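Each residue of the sequence shown is one higher than the one before, starting from 1 at the first, in this note's numbering.
These are computed hints drawn from the structure, not numbers from a lab.
Remember, it's a predicted structure, so these values are computed and weren't measured experimentally.
Hints are not guaranteed to be accurate.
As the list claims (entries may be wrong) - Okay, derived cross-link-like pairs now, DSS-like style, lysine-lysine, Cα gap no bigger than 27 angstroms in a straight line:
| no. | residue 1 | residue 2 |
| --- | --- | --- |
| 1 | K46 | K13 |
| 2 | K58 | K68 |
| 3 | K93 | K83 |
| 4 | K93 | K13 |
| 5 | K13 | K83 |
| 6 | K46 | K93 |
| 7 | K58 | K93 |
| 8 | K68 | K46 |
| 9 | K58 | K13 |
| 10 | K93 | K68 |
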Amino acid sequence: MYHTIIIVGNVGKDPEMRYTPSGQAVTSFSVATNRQYTSGNGEQVKETIWFRVSTWGKQAEVCNQYVKRGMKVLIEGRLTPDKATGGPRIWTKQDGSAGASFEVTASTVRFLSSRNEGAEGPVASGGGMEVAELPAEDDIPF
Numbered sequence: 001m002y003h004t005i006i007i008v009g010n011v012g013k014d015p016e017m018r019y020t021p022s023g024q025a026v027t028s029f030s031v032a033t034n035r036q037y038t039s040g041n042g043e044q045v046k047e048t049i050w051f052r053v054s055t056w057g058k059q060a061e062v063c064n065q066y067v068k069r070g071m072k073v074l075i076e077g078r079l080t081p082d083k084a085t086g087g088p089r090i091w092t093k094q095d096g097s098a099g100a101s102f103e104v105t106a107s108t109v110r111f112l113s114s115r116n117e118g119a120e121g122p123v124a125s126g127g128g129m130e131v132a133e134l135p136a137e138d139d140i141p142f
């Protein structure tokens, strides 16, 4: 059996790198994707989905060095279910509503922002894809 997921979104927080006891590098960062549509009653609906991305080995070191908050990235990988629920990770937001994020183990990470784009500069939109709007640092679930 095989599955793969491809996401394009904006990095929500600078990456965090750590090492396993065996010395293998692991880097984690969050990616937000947006979808905007009009509901049946004519109301504009904005939907944000969060993904927590993990990279391993040399790719983890490269992501730790070059990935920055606000960058647009393309991630290809596999979903990793929450061990407790078998699905996405669920948490309670500051306003009391429920939130969820999906865990992805990346096999490929592509940087879609140019070197001078990212946290301090604008993130270019291209190919008809929406740029995820980044929330305040306190609203990021991890």
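Results of checking the hints against the structure:
1. K46 - K13: holds (21 angstroms)
2. K58 - K68: holds (17 angstroms)
3. K93 - K83: holds (21 angstroms)
4. K93 - K13: holds (17 angstroms)
5. K13 - K83: Holds - the C-alpha atoms of K83 and K13 are around 24 angstroms apart, at most 27 angstroms.
6. K46 - K93: Judged against 27 angstroms, a Cα distance of about 17 angstroms means the pair holds.
7. K58 - K93: violated (34 angstroms)
8. K68 - K46: holds (24 angstroms)
9. K58 - K13: holds (20 angstroms)
10. K93 - K68: With Cα atoms ~24 angstroms apart, K93 and K68 stay inside 27 angstroms; holds.
In summary, the one numbered hint that this structure violates is 7.
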